[in-house]
Every structure is written in structure tokens, then in C-alpha cells.
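Participant: Please build the complex by placing chains B and C on the supplied structure of chain A, with the hints as guidance.
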Amino acid sequence: MLKECINNVRKKAPLIHNITNYVTVNDLANALLACGASPIMADDRDEVEDIISICGGLNINIGTLNKDTITSMFLAGNKANQLRRKVLLDPVGAGASRLRTDIAVKLMREVKFNAIRGNISEIKTLAFGSGRTKGVDADLADVIREDSLDKAVSFIKTFANEAGCIVAVTGQIDLVSDGNQCYVIRNGRAEMSKVTGTGCQLSGIMTAFLVANPDNELEAAAAAVCTMGLAGEMGWSNMQPSDGNSTYKNRIIDAIYKMDGDILEKGARYELR
Amino acid sequence: MLKECINNVRKKAPLIHNITNYVTVNDLANALLACGASPIMADDRDEVEDIISICGGLNINIGTLNKDTITSMFLAGNKANQLRRKVLLDPVGAGASRLRTDIAVKLMREVKFNAIRGNISEIKTLAFGSGRTKGVDADLADVIREDSLDKAVSFIKTFANEAGCIVAVTGQIDLVSDGNQCYVIRNGRAEMSKVTGTGCQLSGIMTAFLVANPDNELEAAAAAVCTMGLAGEMGWSNMQPSDGNSTYKNRIIDAIYKMDGDILEKGARYELR
Amino acid sequence: MLKECINNVRKKAPLIHNITNYVTVNDLANALLACGASPIMADDRDEVEDIISICGGLNINIGTLNKDTITSMFLAGNKANQLRRKVLLDPVGAGASRLRTDIAVKLMREVKFNAIRGNISEIKTLAFGSGRTKGVDADLADVIREDSLDKAVSFIKTFANEAGCIVAVTGQIDLVSDGNQCYVIRNGRAEMSKVTGTGCQLSGIMTAFLVANPDNELEAAAAAVCTMGLAGEMGWSNMQPSDGNSTYKNRIIDAIYKMDGDILEKGARYELR
Chain A
1 MLKECINNVR KKAPLIHNIT NYVTVNDLAN ALLACGASPI MADDRDEVED
51 IISICGGLNI NIGTLNKDTI TSMFLAGNKA NQLRRKVLLD PVGAGASRLR
101 TDIAVKLMRE VKFNAIRGNI SEIKTLAFGS GRTKGVDADL ADVIREDSLD
151 KAVSFIKTFA NEAGCIVAVT GQIDLVSDGN QCYVIRNGRA EMSKVTGTGC
201 QLSGIMTAFL VANPDNELEA AAAAVCTMGL AGEMGWSNMQ PSDGNSTYKN
251 RIIDAIYKMD GDILEKGARY ELR
Chain B
1 MLKECINNVR KKAPLIHNIT NYVTVNDLAN ALLACGASPI MADDRDEVED
51 IISICGGLNI NIGTLNKDTI TSMFLAGNKA NQLRRKVLLD PVGAGASRLR
101 TDIAVKLMRE VKFNAIRGNI SEIKTLAFGS GRTKGVDADL ADVIREDSLD
151 KAVSFIKTFA NEAGCIVAVT GQIDLVSDGN QCYVIRNGRA EMSKVTGTGC
201 QLSGIMTAFL VANPDNELEA AAAAVCTMGL AGEMGWSNMQ PSDGNSTYKN
251 RIIDAIYKMD GDILEKGARY ELR
Chain C
1 MLKECINNVR KKAPLIHNIT NYVTVNDLAN ALLACGASPI MADDRDEVED
51 IISICGGLNI NIGTLNKDTI TSMFLAGNKA NQLRRKVLLD PVGAGASRLR
101 TDIAVKLMRE VKFNAIRGNI SEIKTLAFGS GRTKGVDADL ADVIREDSLD
151 KAVSFIKTFA NEAGCIVAVT GQIDLVSDGN QCYVIRNGRA EMSKVTGTGC
201 QLSGIMTAFL VANPDNELEA AAAAVCTMGL AGEMGWSNMQ PSDGNSTYKN
251 RIIDAIYKMD GDILEKGARY ELR
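Chains as they are written, first to last, in this note's numbering: chain A, 1 to 273; chain B, 1 to 273; chain C, 1 to 273.
Hints were generated in silico from the structure; no laboratory data involved. Take the hints with a grain of salt, since some may be wrong.
You can't tell identical chains apart in this list, so a pair holds if it fits in one copy or across any two.
[Said to hold, decoys possible] The list that follows gives simulated cross-link-like pairs (lysine to aspartate or glutamate, EDC-like), each with its CA atoms no further than 16 Å apart:
id : residue 1 : residue 2
1  : K67       : E233
2  : K12       : E271
3  : K3        : E191
4  : K67       : D46
5  : K194      : E233
6  : K12       : D139
7  : K194      : E110
8  : K106      : D243
9  : K258      : E191
10 : K3        : D260
11 : K258      : D243
Chain A on its own, in the form it takes in the complex (with noise of 0.2 Å):
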């Protein structure tokens, strides 16, 4: 059940090592904080196998990538793996330049992640080596709608078999799948793009869900979804009329932190395929 996945982090409280961006960094922690995890953020090359070694899982997003945290991220992904804590890849803006395109792959290949989020045109380029992503912004022509949902189900299906690992594509409808099943999820708003960040936060959320679900996989990394998407909508209705993007951007971690078992199972929307 969803319920326990976030109870479950509630309980456990796990420490989460962040290489991240600098531009949503702040409101990744405070998401953390707000689901019951607790972040440290490290990329210098000097400590980052000492920090990944006390925390839980290890969060990467490649949101500012440069060449000093480049050599991180690997450094303390292999760390990870040998220390078998849960690892998650973010390819921010992977197919906006062969930089960004080049590291994820090269990441995907060098480090073994539980997990990797992005949205649908990130991990297209990851699938396919190259892509046609705007910016850090999905491309208008991918965006998985109701009509192409059967095939978008079935490429992230055998993508998540190729990749080893469960690939999480959020967007209007997000997708969860481990290869065999796949998670359809139904939960937040379109305004939610409207706010920088609301996916770096879910990919550090999920890590703190793997981490303490460790047997769990899927259910866990659903239940982040479902955890973020539900936020949106119950953040979107504390609304005041002056209230514009940014006033949304601190409900929705507010949701966060107000979110229980109890609100997540009865508004989780979701079907299995």
C-alpha cells in the first residue's frame, strides 16, 4: 500500500546525499525535510565517498553539471553501488547538449541506479543517445496524452528492462515501471510547470522513498509520484487569488509536509498495467 511507503520514511527519517543543481537546491530540501527525509548536499570530489557512506541513497541531478561535479557524481555513484545504497539519476536537460546527453549516458553505463526520473523527452534521449529536449522542458511533440498512452506504456516498459532499473517519466500523466509493470498516474496540475523545480524535488523524494522501502521498488517510487502529484492539487487549492507561481511553489511543499498515509492512499489516482 502507498500508505506505508510514506509512513515508512516518516519512521525512518533517512539521510539523503544530494548532488544537485544550484538553481532548485533549496526547495529540494526543504522538500526532503517536508516528507520526513533529511538532505545533505556534498559534490566536492574530496568528500563526497565519505558522505554517501553515512546516508541512505544518493540523489544525482545534473541540473548545473561542470567538470569539478562531473567527477563527483561518479565517485560517489560507484561508491554507492559498492556500499549498496539506493542510487537515483535526474538527466536535467539531457538532449539540450551533448555535455548533458554525454554524462547521462556515460552515468546509465558506469553506475548501477535504482531508479532514474526525468521527463519524457530526458529519457528518450537516454533511450535513443540524442534527443530534441527544450531546454529543461519536455519537447510539445513527446508529451505522452491519453491517446498515445499505450505506446508511451510500453516504450518506458522496455526501456526500464533495457536500463536495469525502474524508470519514472513524469509529465501530464506520469509513468512508474519496473519492465514488467507500470504505474499510470493521474495526480497534479499543469500549473505546476509553471514552478521551477517540482520534478528535482519528486527525484529527491523518490530516493528518500526507495531508501526506506528498500524491498519495495515500484510501489515506493510510485508512491513519490502520487506523494508530489497529490501536493500539487492540494497545495493548488489553498490558492488565494493573488497567489501566482511562486506562492505555489512554497503550498506545494507545504502539502508535502501535511501529507500522510491516510491523504495519500485516498488521493492517489493510479491504475496498473
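Facilitator: Structure of chains B and C alone, referenced to chain A:
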């Protein structure tokens, strides 16, 4: 008309490449989303040329420059010029250190900018090669007031001519000139100076306005300044008794999100000199 | 009197140089503005000596240290000492990695600090050269409670004597000592630990209080701690039913913005031991 300038941003949704500081970067991203543009942040030398290639414009902000990002600023700026993308310089803290002054001046020499936006002390530093900036705020002796306005307008026109681009000086009174004409803008509130990053946000928004209004640069830059100032007024009108500068920050971005052409046209307070 | 300490910050508006982490930097900037100070962030080795020269104080925070910023911390710290500027160390995560512990200890050896502020696990790491920090949070076994208070006061006094500067340990109960006296402060709320960066904000504010009250360092540091804790209480009193940790973050900074000498004097809860 100013209204067309913002309507074009919302219609065209330009993608803006930002090489910027890590202090205000999240607010910059949300402000760009709020006005209808899309942000991407990327500062590694190995990707900035790729990134500017898929973007409509480049916003260079030296707020926390370092040896690596300085290299990237020149690479991206030159590539933007080759590709005829719009480029804006925000010389944050020019005058506060030799490094900032030197890099800002060197950027002006080697990159062709469409606009430069700063406070009066920063702009004077660019004009005279040295300055007396009080950190990242304007020096009190420099502040443009009604009784020093004529002199300031004349200075900005001269400097815009020398620089060969639009120059926007923001403060109590804002000036935007292309060397011939000068918008004198009286939107905004003094309390905005207690919120970090409103200048950085404006530089990003201005880049988006320039991209979406390529043949109407002066008016586009002025429309961006009016949008930011008016958002400061609208945001303030929504303040509750216990609200302070942090909530004000959110309310300003919220107001940008709510801004449309008619609100802007009606609320903009400017004269042309 | 505490009230004079905050009044002096608002009157003198000290400029504070911060070499800090990218997680909480925006909140730090707004918290400094909220208390009446001016922030500047600069971490490149080629400018930190210039920047500290125009500032009243330096706040060194190792939260996301890297090889480049480490060099800058030593350069800026030494220059600050030469120029007799106030310098504060926030050893974020000392004990969580060998690098953080080593750099924090080395900074203490090579730079003369006016104050060190951290949680109890970080401070124990500095005192004993190794620690068991849980990431960036205090280890549960270390937490100062009423029944371990006498021992903690004695430890802090001893360590402040050894370090030759003010030591502030914040947590459930806050302790601020110069080696002779120790303020025992009971402001604040437990929910502040669910907001990232309140410690970082306090370190910045404390630097500003030290600069504005140069001959009254112990009381200034205690006043900063009371200000932050009281802001946490005031911010909480403004929470609405749907508000969570993200809105709480804003309300705390808002409360600093609203704080004045009389509110502080009346709300501060401390004893001297």
C-alpha cells in the same frame, strides 16, 4: 505599446540561457516562468555554446562569478553574437572588486550586448572604469533623484551611445535609453531594496522581452522595467500586517505571474525624454 | 541591553561578506536584509580580499565547500584578520566527512575567529577533532537537554576558552559563551529544524550583530540568537492551518524583518550562567 511587449513574451515563450549567480537563481527562474518565458541555467564551458544555440537569448550576471564561469561567459557571449541571439549584461557588484570591474569591462569590449542593466553605481563603474559601489547596492551619493534627474538622463544617453546598446539603470527612478531617447520610469517601491534579487530577476525578464520583441528593443526593455516595478507595487498591495521581505519576494513574483498587457499598460508610469 | 544590539544593526547597516553554501544562500541574503544589514556573496580567490576590504565582517560557512572556495576561505579569513574585521565560522557538517572536519579545524588554527556557531555535534567535532554528526543535523545522543545542561555549559565554556572566541551552540536550548559567562537561551521552536537554513541565517545575522556592536561581542552574539529564536516563535504564531515548512521559512524571515529592539527585549528568554 508596452502591452504588446509582454503579450509577445507570453505568446512566444522564449527560452533564456542564464549564466548567473547562485544567490538569486531560483527566483530568477520563477520570475522567467512567471512572465511566460522558459529558463535554463548552464555554466560549464563544455556546454554553454550548445545551450545558447537552442535559446533565444543569453543573460550574463556576474553576481558570483568565478574563474570557471568567467570563461563560460565569454564563450557563450561570443557564440550568441555569432548566432545573433540577444545578449544582456548584469554587472552585479562592478566596482566592489577589481575582478568584477575588470571582467564587466572586458565583457563589454569583447561581446556585443543588446542591453546592460544595473544600478547607478555599477553603470558608473562601467562608464568610468572604476567605482565606489557599496557591495551590490548603489552608493548613496550616486542615487538618482528628481533634482539630479536631468544630469542622470544625459549621462545614461551618453553612455548608451558609447556602449552601443540599451542601458537600463534601476533604482528609485529607473532610466532606459538607447542613446537617443530615454524612458524615465517611476514604478516600483522602496521596499523592493530589502528583497534580494529583484534586479537579477529584472535582467532575466528583460532578456526575454528583448527576444520576444526583436525589432522594438527600447520599448521592450522599458516594458520589462515597468513590469518589474508594477509587480513590486501590486505585490505590496497584497501584503498582510505580519508579512515581511521574504513574503514580499513571493508576492512580487506572483504579481509578475498575474501581469497581463492591460494591467501593464494601465499601471506603467513613465515619460520619454 | 539586547535591544541596543539590534538597534545598532539597523542604524549602521553593516555590509557582510559571505562565503557560504548554495543551499541556503538566498535565505541568508534575505535574513541579513531583514535584520538591517547588507549581504554580499563572493567566493572567487581573485576577489575575496577586495570584497572583505569593503565589508564590516566575514561569515564563513562550509556547507558546500569545494577546493576552490576552501582556498578563498583562508584568503578572506586572513585578510579579515589583517584588517581587524569580525569573522565568524559556521562549521556545517563538520564530522560528516573527513574534509569538513579537517578544513574546519584548519580554519580555526589559521584564522582568528570572533565567533563560531554550530550545532552541538559540529562543535564537539571541533573540540575533539572527530565527531559523529548525522549529516548536517546534530546526533541525537549529543542534544542538550535540561538534564544535561550543566555539563554542556561547562563544555562550551571550556571550548570557548580554548578557541579564544565566542562559541554559540544552537539546538533545543542555545548556549553562547565567551569562556567566562554563558547565555542559556530558550527561544525558538522545534519545528525550525524542519526548515533548511535557519542555522546558516543565524550565522549571517550574528556576524552583522558583531560588526554593529564591536565592543560588546558576547551580548551581540546572544542578541542574534534570541532574535532568530524569537522570529521562529513569531513566525509560528502567524501560521495558518494549511501552512507547512516552506511557508514557515518565509514567516521566520518576515518576523526578523518585523523585529525591533522592544519586541526582542520583551521576548528574549535567557539566563546567564
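Participant: Each of the hints needs a verdict: does it hold here or not?
Facilitator: Hints and how they fare:
Within a single copy, K67 and E233 get their C-alpha atoms no closer than 38 Å, and across copies no closer than 42 Å, so neither meets the 16 Å cut-off. For the identical chains of this complex, K12 and E271 are neighbours neither inside a copy (28 Å) nor across copies (36 Å), given an alpha-carbon limit of 16 Å. When the C-alpha separation of K3 and E191 is checked against a cutoff of 16 Å, the pair qualifies neither within a copy, at 26 Å, nor between copies, at 23 Å. Proximity of K67 and D46 under a CA criterion of 16 Å is satisfied in both settings, with 14 Å inside one chain copy and 8 Å between copies.
Taking identical chains as interchangeable, the C-alpha atoms of K194 and E233 lie at most 16 Å apart only when both belong to the same chain, with a minimum of 14 Å there against 22 Å between chains. Only between protomers do K12 and D139 lie at most 16 Å apart by alpha-carbon distance; the minimum there is 15 Å, versus 38 Å within a single protomer. With identical chains, the CA atoms of K194 and E110 are never at most 16 Å apart, being 34 Å at best within one copy and 35 Å at best between copies. In this homomeric assembly, K106 and D243 never come within 16 Å of each other (Cα to Cα): the closest approach is 42 Å inside a single copy and 41 Å across copies.
Taking the shortest Cα distances, K258 and E191 sit within 16 Å of each other only across copies (13 Å), while inside one copy they are farther apart (20 Å). When the C-alpha separation of K3 and D260 is checked against a cutoff of 16 Å, the pair qualifies only within one copy, where the shortest distance is 7 Å, while the shortest distance between copies is 42 Å. Proximity of K258 and D243 under a CA criterion of 16 Å is satisfied inter-copy only: 8 Å between copies versus 20 Å inside one chain copy.
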